[in-house]
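Undergrad: Between the sequences and the hints, there should be enough to build the whole structure, so can you do that?
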Amino acid sequence: NAGVTQTPKFQVLKTGQSMTLQCAQDMNHEYMSWYRQDPGMGLRLIHYSVGAGITDQGEVPNGYNVSRSTTEDFPLRLLSAAPSQTSVYFCASSPSSSSYNSPLHFGNGTRLTVT
Amino acid sequence: KNEVEQSPQNLTAQEGEFITINCSYSVGISALHWLQQHPGGGIVSLFMLSSGKKKHGRLIATINIQEKHSSLHITASHPRDSAVYICAVWPGTASKLTFGTGTRLQVTL
Chain A
4 NAGVTQTPKF
14 QVLKTGQSMT
24 LQCAQDMNHE
34 YMSWYRQDPG
44 MGLRLIHYSV
54 GAGITDQGEV
64 PNGYNVSRST
74 TEDFPLRLLS
84 AAPSQTSVYF
94 CASSPSSSSY
104 NSPLHFGNGT
114 RLTVT
Chain B
51 KNEVEQSPQN
61 LTAQEGEFIT
71 INCSYSVGIS
81 ALHWLQQHPG
91 GGIVSLFMLS
101 SGKKKHGRLI
111 ATINIQEKHS
121 SLHITASHPR
131 DSAVYICAVW
141 PGTASKLTFG
151 TGTRLQVTL
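From first to last, the protein sequence lines are chains A and B.
Per the working numbering, residue 4 is the first one in the first sequence, and the count goes up by one each step.
Per the working numbering, residue 51 is the first one in the second sequence, and the count goes up by one each step.
There could be a bad hint or two in this list.
Here's a subset of chain A near chain B, in silico, CB distances under 10 Å, partners left out [as the list claims (entries may be wrong)]:
1) D29
2) G56
3) D59
4) R71
5) F93
6) A95
7) P106
8) L107
9) G110
10) L115
For the record, the hints were derived by calculation from the structure and aren't laboratory data.
All figures in this text were calculated on a predicted structure; none of them were measured in a lab.
Quick reminder that beta carbons are idealized off the backbone N, C-alpha and C, glycines included.
TA: Dropping the structure here:
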């Protein structure tokens, strides 16, 4: 099993460009989530999904879209990149939608710079 | 005030020392996670606790639900333990983890 796979590892965008961060897991996990990590701050939840076809907003959803058409994939779309979205992004998954009782599996992260 | 507070923010120890990292939270929770983030950036789940104590190798995690406090202990610390340790909680029934800002541990020879 590959676990949680995030691509790309690094990305540089210009202000206003759009892009999609990919996240895929091969563990048949119900719960998937996206976080951003900024210096001096804890990981913050952007969007999450408790199963295919179901998504919900986290703490910092503005400027980001998600979809969950399959159990395996949970892409994060930046609609019009802004310098404030410069960050390291992590995707994570968990076996159960009641994921408080399940360990989290993280991808290796995507370092995004918006100029 | 953050819902999850960790202390200390930074910690330097010599190899072999016993290390304690603390996590306090202000909301009722379903479970608490301890995570490890290595200098390369990857994040690994160490423990998931809803009560009591768990041990894995040289790592021990405890939680006191009444006092809203958890500790992560590392016995016989080693330079390979150098990492950022992150506490995260599931508040109640919400499907949203809340994270502390992490404790940066440096273990020297």
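Undergrad: Compare the structure with each hint and give your call.
TA: Comparing the hints with the structure gives:
Of the supplied interface hints, the one on D29 (chain A) is violated, with its beta-carbon coming no nearer than about 17 Å to a beta-carbon of chain B, more than 10 Å. For G56 (chain A), the suggested interface contact is broken, since its CB lies about 15 Å from the closest CB of chain B, more than 10 Å. With 10 Å as the threshold, the beta carbon of D59 (chain A) comes within range of chain B, its nearest partner Cβ sitting at about 7 Å, so the hint holds. Interface restraint check for R71 (chain A): the shortest CB-CB distance to chain B comes to about 13 Å, outside 10 Å, so the restraint is violated.
Hint on F93 (chain A) holds. Least Cβ distance to chain B is approximately 6 Å, under the 10 Å limit. Given the 10 Å rule on beta carbons, the hint for A95 (chain A) holds: about 8 Å separates it from the nearest Cβ of chain B. Hint status for P106 (chain A) relative to chain B: holds, with the closest Cβ pair at about 4 Å, below 10 Å. Proximity of L107 (chain A) to chain B holds as hinted, the smallest CB-CB distance being about 5 Å (cut-off 10 Å).
For G110 (chain A), the suggested interface contact is upheld, since its CB lies about 8 Å from the closest CB of chain B, less than 10 Å. Annotation: interface hint on L115 (chain A) violated; nearest CB of chain B at approximately 13 Å, more than 10 Å.
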